[in-house]
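Trainee: Below are the chains, spelled out letter by letter.
There are 4 protein chains.
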Amino acid sequence: MPGNTFGTIFKVTTWGESHGKALGAIIDGCPSGIKLDEKDIQTELDKRKPSSSKMSTKRKESDKVEILSGVFEGKTTGMPISMIVWNKNAKSKDYSDLKNVFRPGHADFSYYLKYGIRDYRGGGRSSGRETVSRVMAGAIAKKILAKHKCKIIISKVETGDLKPNDSCGGLVEIIVKNPPQGLGEPAFDKLDADLAKAIMSIGAIKGFEIGAGFRVAGMLGSENNDEFEMKNKHIRTKTNNSGGILGGISTGEDIIIRFAIKPPASISKLQKTVTIKGKETTIKIKGRHDTCIVPRVIPVAESMIAITLVDHLLRQS
Amino acid sequence: MPGNTFGTIFKVTTWGESHGKALGAIIDGCPSGIKLDEKDIQTELDKRKPSSSKMSTKRKESDKVEILSGVFEGKTTGMPISMIVWNKNAKSKDYSDLKNVFRPGHADFSYYLKYGIRDYRGGGRSSGRETVSRVMAGAIAKKILAKHKCKIIISKVETGDLKPNDSCGGLVEIIVKNPPQGLGEPAFDKLDADLAKAIMSIGAIKGFEIGAGFRVAGMLGSENNDEFEMKNKHIRTKTNNSGGILGGISTGEDIIIRFAIKPPASISKLQKTVTIKGKETTIKIKGRHDTCIVPRVIPVAESMIAITLVDHLLRQS
Amino acid sequence: MPGNTFGTIFKVTTWGESHGKALGAIIDGCPSGIKLDEKDIQTELDKRKPSSSKMSTKRKESDKVEILSGVFEGKTTGMPISMIVWNKNAKSKDYSDLKNVFRPGHADFSYYLKYGIRDYRGGGRSSGRETVSRVMAGAIAKKILAKHKCKIIISKVETGDLKPNDSCGGLVEIIVKNPPQGLGEPAFDKLDADLAKAIMSIGAIKGFEIGAGFRVAGMLGSENNDEFEMKNKHIRTKTNNSGGILGGISTGEDIIIRFAIKPPASISKLQKTVTIKGKETTIKIKGRHDTCIVPRVIPVAESMIAITLVDHLLRQS
Amino acid sequence: MPGNTFGTIFKVTTWGESHGKALGAIIDGCPSGIKLDEKDIQTELDKRKPSSSKMSTKRKESDKVEILSGVFEGKTTGMPISMIVWNKNAKSKDYSDLKNVFRPGHADFSYYLKYGIRDYRGGGRSSGRETVSRVMAGAIAKKILAKHKCKIIISKVETGDLKPNDSCGGLVEIIVKNPPQGLGEPAFDKLDADLAKAIMSIGAIKGFEIGAGFRVAGMLGSENNDEFEMKNKHIRTKTNNSGGILGGISTGEDIIIRFAIKPPASISKLQKTVTIKGKETTIKIKGRHDTCIVPRVIPVAESMIAITLVDHLLRQS
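Residue numbers (the working numbering), protein chains in the order written: chain A, 1 to 317; chain B, 1 to 317; chain C, 1 to 317; chain D, 1 to 317.
Check before you lean on any hint, since a few could be wrong.
[Stated by the list, open to error] Using 35 Å as the maximum straight-line C-alpha spacing, the simulated DSBU-like pairs for lysine-lysine come out as follows:
| id | chain 1 | residue 1 | chain 2 | residue 2 |
| --- | --- | --- | --- | --- |
| 1 | A | K99 | C | K35 |
| 2 | B | K75 | D | K284 |
| 3 | D | K231 | D | K151 |
| 4 | A | K147 | C | K99 |
| 5 | A | K60 | C | K75 |
| 6 | B | K156 | B | K60 |
| 7 | A | K277 | B | K149 |
| 8 | C | K279 | D | K149 |
| 9 | B | K143 | B | K156 |
| 10 | A | K75 | D | K156 |
| 11 | C | K269 | C | K99 |
| 12 | B | K64 | D | K75 |
| 13 | D | K284 | D | K47 |
| 14 | B | K35 | D | K286 |
| 15 | B | K39 | D | K99 |
| 16 | D | K151 | B | K21 |
| 17 | D | K238 | C | K272 |
| 18 | C | K277 | D | K177 |
| 19 | C | K269 | D | K231 |
| 20 | B | K233 | C | K75 |
| 21 | D | K156 | C | K238 |
| 22 | C | K88 | A | K39 |
| 23 | D | K64 | D | K75 |
| 24 | B | K35 | C | K233 |
| 25 | B | K149 | B | K75 |
| 26 | C | K284 | C | K47 |
[What the hints assert, rightly or not] Example chain C residues on the side facing chain D (calculated, C-beta under 10 Å, incomplete):
| id | residue |
| --- | --- |
| 27 | M1 |
| 28 | G3 |
| 29 | V12 |
| 30 | K114 |
| 31 | Y115 |
| 32 | I117 |
| 33 | R134 |
| 34 | N165 |
| 35 | P186 |
| 36 | G203 |
| 37 | N224 |
| 38 | D226 |
| 39 | S250 |
| 40 | S266 |
These aren't lab readings, by the way, just hints derived from the structure by calculation. Don't be surprised by glycine CBs; every beta carbon is placed ideally from N, CA and C.
Input sequences plus hints: build the corresponding full structure.
Mentor: Next up, the structure:
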């Protein structure tokens with residue numbers, strides 16, 4: 001039944017609920033000797049914060065990280081790195097009237113099915129708050145990638161139109177520049193397979209592509225194959241339909257990832273639903289919710305990509 | 001560096017190369033007492049065979065499965081089930097002139113980068129032959145799903161236009177009817193995340209969607225949310241944009257999966273490439289190759305879906 | 001490089017150093033619906049505290065546990081349970097003069113070899129303080145065993161003679177009464193193999209036995225075999241040389257475990273050693289140390305046994 | 001429920017039953033570029049064969065290994081190495097009269113409890129035949145250790161007195177000479193903990209010691225601590241009570257392991273037992289059995305030690 005750990009060597013375990021005392025991440029397997037302080041992590045966490053724009057929740061999340069272990073005199077020791085963020089602005093009262101009603105598009109129903117218990121306070125563990133832990137871990141992964149001159153950049157962001165009382169989704173393209181070569185394993189732990197899992201494990205994401213993605217369905221082999229050429233004495237491809245991965249292993253070309261984010265499920269529009277006891281009813285969801293989470297998902301996706309790459313980098317060495 | 005095992009409880013390990021002696025799969029964690037004989041597996045393997053159509057390779061693969069362990073008096077014993085298929089029609093000579101040239105779109109280059117060694121015979125382990133092992137394991141997973149009245153069906157297949165000397169890709173939609181409820185784990189081992197990894201680990205697949213997939217990017221929350229209703233005393237959703245999974249856990253609604261398959265990389269058209277020594281050259285790939293692998297990928301994808309569902313089913317119990 | 005997780009389904013991850021901010025444990029995979037509050041854990045933690053006897057360290061460890069996640073309205077939710085104990089009485093100054101000297105019998109040298117860095121404050125992660133995390137996790141495992149009417153008892157404790165300025169070791173026998181039947185897996189995850197790993201992973205333990213243990217070396221088959229008989233309509237064994245485990249699987253008979261604990265390495269007697277720079281020197285270890293840790297190891301060993309049994313119990317179901 | 005895989009990076013999966021068609025091992029994670037042919041493995045397998053002495057079974061086991069994958073042109077490729085040995089001399093008829101009776105000291109009873117099914121032919125998977133797979137994998141591990149100039153030697157073997165119709169046990173001490181430094185992980189994957197699991201996972205072993213082992217219970221700290229000194233410009237210990245491992249991590253000193261082997265359970269003396277239906281009865285076990293397995297366990301134990309060391313070596317790099 002466990003499922004809160006990601007990675008094989010750079011092993012990230014996360015814990016915490018939206019309205020619990022705190023959220024945290026443990027990294028077991030981080031190499032020793034890496035310079036690390038709380039500022040490195042805080043910078044990334046701040047990117048995930050609700051902005052002052054209309055799209056974001058009014059919940060104020062100060063989200064100050066504290067490192068509890070694994071760092072001594074400013075460097076990682078090779079021991080597990082435990083990080084924590086205390087929940088400060090949780091208003092569980094907001095949720096008490098949702099206690100017995102399943103919210104459409106939320107995990108309420110499936111969690112109740114599975115666990116026979118329901119933490120109705122803001123979605124409990126299924127809340128987007130859980131991604132705080134991912135960003136903390138991702139911050140460390142990014143530091144390791146930076147040492148290899150590898151960088152993750154956002155190359156495209158598209159969002160839908162905002163409507164009063166409703167929410168909208170979006171599409172994001174992320175590119176990994178200068179990825180280490182040779183990452184990924186046959187047959188199941190292909191780099192693209194692990195990236196797909198990493199991205200699809202983020203709550204609101206419903207589609208994933210690598211390189212030419214769904215366009216390959218309509219392409220000919222002669223269009224899709226990336227021909228090899230020599231460039232500055234290195235073997236390179238002329239095009240990059242493969243998205244930097246051949247046979248599940250990185251070639252060194254840019255890794256190109258696209259994914260689709262669904263509109264947030266919490267909307268204040270009237271929706272039909274049922275109660276825990278199986279009575280049909282309607283619901284209008286009040287509370288402080290994002291109307292579009294695209295900007296806030298981006299640092300989470302970057303984090304998951306960074307964690308996946310570092311895990312494979314350490315498997316490799 | 002290992003990566004040839006999939007699953008946590010229903011653990012599938014595969015081995016073998018395209019032109020090696022044999023290919024095999026071990027399932028460790030299959031429950032005892034399940035009726036099983038070689039015919040159950042052969043039926044599924046036969047679906048993966050090259051057909052007599054023009055699209056398929058001329059390599060004749062008889063692919064007769066032999067069960068070597070884990071079954072006694074017609075029933076599984078709970079011990080590891082080892083299955084083997086001998087390679088009979090491998091013609092390695094066909095590949096000797098490819099020995100020093102990287103084939104565009106193939107894993108030759110990335111494997112050489114990673115391992116410093118190259119099994120040039122038909123792609124070695126990166127070949128589609130590897131999926132023989134997946135289908136053997138999937139056959140057992142399907143038997144277990146059938147006991148739960150759960151079925152995997154193909155609901156859509158689209159392929160590109162065939163051209164002389166070239167190859168084409170395609171799109172497939174698969175639906176899991178009557179899936180067990182409550183499968184999937186927070187936060188990383190969500191059912192959709194594990195399905196994404198399962199599907200994306202198949203060599204030629206470049207895109208994955210669940211439910212409404214990439215369409216969610218343009219939807220409003222009020223359009224995308226699946227409202228709940230009562231039907232025959234059960235809680236059901238009116239629509240199924242979520243594709244049967246909420247918060248990473250199956251609701252019991254149909255699980256809807258779509259994926260895109262790239263055109264096979266081996267084409268007899270002239271392509272630019274480089275040699276192992278870094279000299280630019282051209283290549284025309286001879287040999288017996290599929291021009292479209294869509295029909296042959298389908299049983300593999302079904303197998304990976306079945307293995308993923310059974311693994312989560314056993315994690316659940 | 002990670003190694004701070006134990007278990008497959010009931011997965012315990014621990015973190016924290018002797019003189020860091022805090023120590024913690026995460027349990028991922030604990031079933032939902034189990035009554036749990038901090039008192040359950042505190043009771044076990046208190047058993048691990050230094051006693052007022054002469055054998056114990058003078059370091060006062062209040063060790064108050066706080067549950068940070070995974071429990072809602074007094075019951076486990078199936079989500080990761082995060083527990084923390086803050087380090088309050090750490091006096092790192094005590095250790096500053098040990099900074100450049102390897103203490104005989106300690107992990108100083110091997111950690112320095114491996115990580116190229118050294119947390120000299122009280123042994124860092126290699127300290128006995130780390131076992132606080134194990135006892136927290138063990139407390140929950142014991143609650144689950146209690147529901148199965150299974151109990152862990154101490155049946156024998158032997159300690160050496162205390163000498164001024166020196167330390168002594170000891171021997172412990174622990175019996176699991178009424179263990180669930182059928183726990184353990186072939187071939188590598190045998191219950192006795194996993195118990196051996198569990199016990200031997202406790203810092204000071206150098207030997208492990210199950211059932212008749214080392215005595216089997218001198219026994220005949222006819223003496224060692226436990227004959228079967230019927231008792232109250234159940235199949236039982238007349239003797240229990242096997243220690244309740246046959247072929248790696250529990251039979252339901254008492255599980256009998258013995259292990260040897262070495263004398264604590266920190267002694268105030270003069271010892272020969274070398275510095276980090278490779279100069280020979282002598283050392284007298286001051287500070288607040290236990291002269292015999294046998295009583296304090298017992299709750300740790302019980303915890304590891306309980307965790308192992310619960311993990312196999314959940315693998316079983 | 002799976003339990004037939006050992007190791008994290010150098011991952012060994014075994015399969016097969018005593019009287020099934022074949023036995024096998026898969027190694028996933030073996031580095032590429034290692035010279036390997038079947039002779040390397042056959043040499044080790046031959047050590048495990050029944051000797052011509054009175055102590056050994058009369059079953060003739062030719063045990064010819066065949067490598068099916070993962071080796072190309074005499075070198076490992078980094079792909080899974082699949083090895084097989086066909087069972088040739090199995091006489092299942094010998095066992096048909098044992099079908100309904102539990103043999104004292106055997107796994108018959110516990111397997112039946114757990115799986116509800118019983119492969120009565122020679123113990124099925126719980127048979128010592130299973131160790132054929134371990135020796136095949138161990139042969140490859142030993143090759144890797146040899147490249148690091150590390151060697152495993154037998155330093156002590158004691159066996160009991162043979163009696164007509166009975167069986168005897170024994171004690172073995174194995175020393176790892178020149179082990180790589182820095183192997184082992186905190187807190188649970190300590191090298192000694194993993195060695196304990198490795199050794200205790202061999203069917204007949206009931207006790208395990210490292211270094212001074214059980215003797216530490218009676219020692220003082222000043223006797224047990226290994227003082228450091230300089231020798232040829234290296235930091236060494238004067239004594240080796242720790243058995244080459246401090247804090248779970250190898251120091252480079254000899255690793256000293258001792259273990260006790262129980263007398264084989266199959267004896268032709270009359271024993272009391274019960275039937276599957278719970279009726280008391282007696283049994284005399286006929287067939288071809290070893291009266292002492294100490295010499296045959298040694299290559300198995302060496303293999304498990306080698307596999308454990310190589311796994312930690314690869315985790316380390």
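Trainee: Find the hints from earlier in the document that the structure breaks and name them by number, from lowest to highest.
Mentor: Of the numbered hints given earlier, those the structure breaks are 10 and 32, listed in rising order.
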